Structure formats: C-alpha cells, structure tokens
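Keeping their order, the protein sequence lines are chains E and A. 1 is the number of the first residue of the first sequence in this note's numbering; add one for each residue after it. 277 is the number of the first residue of the second sequence in this note's numbering; add one for each residue after it.
Calculated directly from the structure, the hints in this document are not laboratory data. No experiment lies behind these values; they were computed from the predicted model shown. Beta carbons: idealized from backbone N, C-alpha and C, even for Gly.
With a straight-line Cα cutoff of 25 Å, these simulated SDA-like cross-link-like pairs (lysine to any residue) come out:
id : chain 1 : residue 1 : chain 2 : residue 2
1  : E       : Lys111    : A       : Lys292
2  : E       : Lys73     : A       : Arg524
3  : E       : Lys71     : A       : Leu525
4  : E       : Lys111    : A       : Ala502
5  : E       : Lys54     : A       : Val522
6  : A       : Lys500    : A       : Val295
7  : E       : Lys119    : A       : Gln286
8  : A       : Lys528    : A       : Val493
9  : E       : Lys128    : A       : Glu282
10 : E       : Lys54     : A       : Asp512
11 : A       : Lys292    : E       : Phe133
Which residues of chain A face chain E? A partial, calculated answer using Cβ under 7 Å:
id : residue
12 : Leu284
13 : Tyr285
14 : Ile288
15 : Trp503
16 : Ala507
17 : Gly511
18 : Lys516
19 : Ser517
20 : Gly519
What follows is the residue order along each chain.
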Amino acid sequence: MKLQIERLKFAYDGGGLVLRDIHLEALPGEVTVIIGPNASGKSTLLKCVAGLLKPAGTIRLDGKKTSEFKKDKIAQWVGYLPQENSFRAVLTVFEAILLGRVQSLSWRVGKEDLASALKVIEELGIEKLASRFLHELSGGQKQMVSMAQALVRQSRVILLDEPLTSLDLRYELEILDLLRKITVQRRITTVIALHDLNQAARYADKVVILKDGDVCAFGKPETVLTSQTIEAVYGVICKVTTDNGVLQITSLNSIRSKSGNRSEGNNRKMDTTVGD
Amino acid sequence: MVTQAEELYQRITGRKYAVVVSLAIAVVLILFVDIAVGPAWLSIAEILSAIFEPNSVDPATSVIVWNLRLPIALMAVVVGASLAIAGAEMQTILDNPLASPYTLGISAAAGFGAALALVLGVGIIPYGEHFIVPINAFFFAILTCLLIYAIARKAKLSSETMVLAGIAILFLFQSATALLQYVASEQQLQAVVFWLFGNLFRTTWLKLAIVAAILIVTVPVLAKDAWKLTALRLGDEKAKSLGINVERLRLKIFIWVSILTGAAVCFVGTIGFIGLVGPHIARMLVGEDQRFFLPTSALAGAVLLSAASALSKLVIPGTILPIGIVTSFIGVPFFISLILKRRSGYW
Numbered sequence: 001m002k003l004q005i006e007r008l009k010f011a012y013d014g015g016g017l018v019l020r021d022i023h024l025e026a027l028p029g030e031v032t033v034i035i036g037p038n039a040s041g042k043s044t045l046l047k048c049v050a051g052l053l054k055p056a057g058t059i060r061l062d063g064k065k066t067s068e069f070k071k072d073k074i075a076q077w078v079g080y081l082p083q084e085n086s087f088r089a090v091l092t093v094f095e096a097i098l099l100g101r102v103q104s105l106s107w108r109v110g111k112e113d114l115a116s117a118l119k120v121i122e123e124l125g126i127e128k129l130a131s132r133f134l135h136e137l138s139g140g141q142k143q144m145v146s147m148a149q150a151l152v153r154q155s156r157v158i159l160l161d162e163p164l165t166s167l168d169l170r171y172e173l174e175i176l177d178l179l180r181k182i183t184v185q186r187r188i189t190t191v192i193a194l195h196d197l198n199q200a201a202r203y204a205d206k207v208v209i210l211k212d213g214d215v216c217a218f219g220k221p222e223t224v225l226t227s228q229t230i231e232a233v234y235g236v237i238c239k240v241t242t243d244n245g246v247l248q249i250t251s252l253n254s255i256r257s258k259s260g261n262r263s264e265g266n267n268r269k270m271d272t273t274v275g276d
Numbered sequence: 277m278v279t280q281a282e283e284l285y286q287r288i289t290g291r292k293y294a295v296v297v298s299l300a301i302a303v304v305l306i307l308f309v310d311i312a313v314g315p316a317w318l319s320i321a322e323i324l325s326a327i328f329e330p331n332s333v334d335p336a337t338s339v340i341v342w343n344l345r346l347p348i349a350l351m352a353v354v355v356g357a358s359l360a361i362a363g364a365e366m367q368t369i370l371d372n373p374l375a376s377p378y379t380l381g382i383s384a385a386a387g388f389g390a391a392l393a394l395v396l397g398v399g400i401i402p403y404g405e406h407f408i409v410p411i412n413a414f415f416f417a418i419l420t421c422l423l424i425y426a427i428a429r430k431a432k433l434s435s436e437t438m439v440l441a442g443i444a445i446l447f448l449f450q451s452a453t454a455l456l457q458y459v460a461s462e463q464q465l466q467a468v469v470f471w472l473f474g475n476l477f478r479t480t481w482l483k484l485a486i487v488a489a490i491l492i493v494t495v496p497v498l499a500k501d502a503w504k505l506t507a508l509r510l511g512d513e514k515a516k517s518l519g520i521n522v523e524r525l526r527l528k529i530f531i532w533v534s535i536l537t538g539a540a541v542c543f544v545g546t547i548g549f550i551g552l553v554g555p556h557i558a559r560m561l562v563g564e565d566q567r568f569f570l571p572t573s574a575l576a577g578a579v580l581l582s583a584a585s586a587l588s589k590l591v592i593p594g595t596i597l598p599i600g601i602v603t604s605f606i607g608v609p610f611f612i613s614l615i616l617k618r619r620s621g622y623w
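All chains should be modelled from the sequences, with the hints used to inform the complete structure.
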C-alpha cells in the first residue's frame, strides 16, 4: 500500500508547529527510515499517519485520503508500534497477539483469528514464547510481540517508533533483519523512526531526515547520508565511508558549536549513534 | 494449522475455565454455609427443603430461610460480585491497581448521602421515607463518579488524574460526614455509624431485586467490550492504534460502573476491600483477558463477601457483626499477604 504525505502540518495544543510542511512517499516492499535529532518530529509524524493525531494536510493510502476512512479501517491497514510498549497486562503472548485483531474478535475466538495468530508466531519464530506472560519477556521479545500484533491483522503499512530502544545488538539486528524480510515478502510499506545512522544506512531503502519539523533530505541512503548533511542536521562531524557497498558513518568526536566553530577533539572512532 | 492453534488456545484457556467453574461452585457452597449459620443453625437438608419444598418444613424454618437468611445471603453474593466487577473495571480503565469504589471516594460519597438523610432528613427525591437513605446514597455515589470524571476530563483525562481526584473526594466526603456526625444527636449518630459500618440486615427481596437487576443489565454491557477492555491494558496509544475509541470506551464503562457501584453501596453501606481485593485475586488466577477476568472478579467478590457474611455471625456467638467490619478484618491481612507474596508483573 503506497503511503503519500502531502503538506502535512501539526501543532500540539498551545504549542508551535512540530511538523511544518512534510512531503513524503513510502512504497510497498520498501523500508523507509526516518532519522533526525531529538524533538525533530519523528514520533509525531508516525502518530499522524497512524491516525492518533489530527494534522492539517493530506495522508493518502493507495491514493485515497485517510481522513475519509473510519478509525477502525485505518487501524486495519496501518500497524503502529509506539516507542514505549505498555506490557504490564497480565496476558500470555498468544492472547496479546490475538489482540492485534481486536476489531474482529468475538467472545468465542474464531478459527481464522487463532490460525492467523499462530501463523505470525511461526513466521517470527517465537513459538516458545506463546504461553509465556508478557511481563516475563525481555525488551527484544516484547518488540517481537508488538510486531506480531501488527502483522496478525495483515497491516499493509507498519510504523515503528524507535523499535531498537534498550535492545542489545543481537536483537537490534534480528528485528531489523526480520522487518526487512517481512517487508519484501508481504510487500508491506514499512516506516521506522531510528536514531542509529548506521542501521538506517544498512536497512533503509529510503531515508528521510527531519529537522525542526521539516524534511531536510529524502532519498536513498547513499545520497542522503553524507557528512555535510549530518553535520548540518546534528552539528556533528562525521566520516562517511563505504565498506562492501554498505555505508559506514563514524563520528569524529567533534561537535560544531552554535556559532559554527568546531571544537576539535581526538579524531577517534566512537559510538556511531548520533542524536541521543 | 487451525488444529494446532486451537490446541494452543485451549491449553491457555482450559485452566481459566476450571478456575471459573471452581469459584462458581465455591460461591454456591459458601452461600449455603451463610444460610445455615446463625442463632439457629440449619442443616443443608433443611435449607434445600425450605427452598424447594417450603411446605415440607416447619413454618419457623421457612420464615428464617425465606424472610431472613436467603435474601441476606443472596445480597452478599450480588453486592460482592457488583463491587468486585466495579473495582475490576475501574482498575482497568484507570490503569491503576488502587482504583476501587472505596479508594475513589464513591463509597464515602454514598456514606455522606446516607448521613445527610439520617441526620438532617434531607432527601434528594422526596419519595418514600423508606428509600430516602439509599436514594441519597445512590445519588451521591453517581454524582461523585461524574465529578471525578469531569475533573479528569478537564485535566486531559489521564488515569492518574482520575485516581488523584477520587482520593481528594474521599477526604472531602469523609470530612463532611464527620461534620454531620459532630452535629448529630446520639440516636442519629448511632444510625450513621451503623450505616457506615456496612451491613446486610436491611436487605429485603425488593432491594435485592434492584441490585441484582442492575448487575444483570451491566454485565452483558461490559462483556460486549471485553476484548477492547483487554486491549486497553496495552496502553492508550496501542489501543488507539488498534482502532479503539479509548475516550468513548472509558466514559461508557465509567458510567455503567458508577451505576453498579451506586446500587451496590446504597442499600448495604460502606463495604471496603471487596472492590479492591476481588480483582487482584482474579488477576492472579486468570490474568487480564476480560472474558475470564470479569467473571472471576465477580465470583471472587461474591466468595469474599459471602464468607464475611457467614463469619460475621460466628465471631461473637449470638451477635451479628456489621459485615463492613468483617470484610476489613479479612481484607487487610489478606491484601497485605497478597502484596508480600505477589509475583512480579502483577502490578
């Protein structure tokens, strides 16, 4: 399902514009990664697309305006995974995944709902977790369940708000690999808000850079993730290299001051996550 | 695939069905114990005969069962279930383990309404002297629910605000009731204190029918939204993204739970802990799938209040203690043991 965003503007009550004039397009079978500094509007943009906020402008799914659809219809097509998953409910993983189909569930759970839940569990390889309680899961396992909730209702667009927060490297890679695979196999339109530029470079088909609610750059990673753009957006000096066709972004421990002067440090490799 | 999924699902739900059935049997057994105990002890055979073949027992037994003990014992079941359901849904929609009709000040408001009638003779509806106290109590219970909701709505409807507003109202009505007690005559004071203790003695078949009817109407309404209420426990954002109108659902459930609470407390007075402990027991036994959580909470509440009703007749032979005192005596140590033994993740 093709996602198009046109002239999107949004302001929270009594505040200034958080999103200024967003134009974007995300295609089926592609992973679009939104990056940008904190408070650049990444989460707000995803919430607007998920129908949780009412922005000005137009959001289209396969050419049709989402404002013309009922909430439950948008929920059926668009799966949204919030930044913080509240998994305090005393539910098993299987029950929690079934909740992804809440709009079709009746008191007596139908065979189709049960089969869909099991299919997703097998697809994500979390069979061993099915009978476990949510509060017994690790952060990565919770993300898996959250993804399963979106996939179980056959969402055509999946929006993930910083899904790698508090995950170790293994889970980061596992989840991104899985997302990539599902995106291609199911022809889903996947949009992820990320902080890690190297993961964005590795997994994105398209990258969107947001700054102060505006789109600074949009395109393929190799055209968007340049040292000039990163410095302009984050105020951080970076070296961008290519290793076996994959972009590598290394910060040079040098942060540009507001006046534009550079405070030089040791030019050594450091944490490649920029923005936090 | 379907068979495999069904097997997995049955494995998860099978134990929960067993819990619900076991608790239902426990309710029936304790109900009979509650009818049996009292100044004149009755055997189960006598009770069954009195209920199903009234002509086969002596008139005294028939009067004891039909006029005195059966309505009171059934009222304990119905009120226990109502308070526990109210507590369960309040905890669900407010996302707070402390929410219950008692802790949100709804019972305190009902107490104030009753005290107003008992001390000053002020009735909200000038109809029937017999019902002035429960009508006042019901009115103030509903008014408080609406007040809590209005305050929370003004403050953007966060669940924390609703609980804080409820606690503030609890103190307000407790103080107002204390003021009424201060100016009351000795006789009025006794009546107010007796009402505030909470007791089932004033039960009549009509009152029982009213509370039961409201419970019977409310349960299907809550059951219809069982999955949505379960999804609400995943957090507001997630629930909204699943297409649930969270604000509307919360308002709808709050209104129904308010009516249920108002009806439960207006006839029996302030009974604490059932609305708090019942849902916690249910959560530990069956989790929070509302299809099981709702009936299990109701049954746990019914078991607790029925047991308290039976105990209230046994603690001091020849004396029937107000049930509100007994529930607190059972409830407090039980609740503390739950907190101490609780497994991580259950709030």
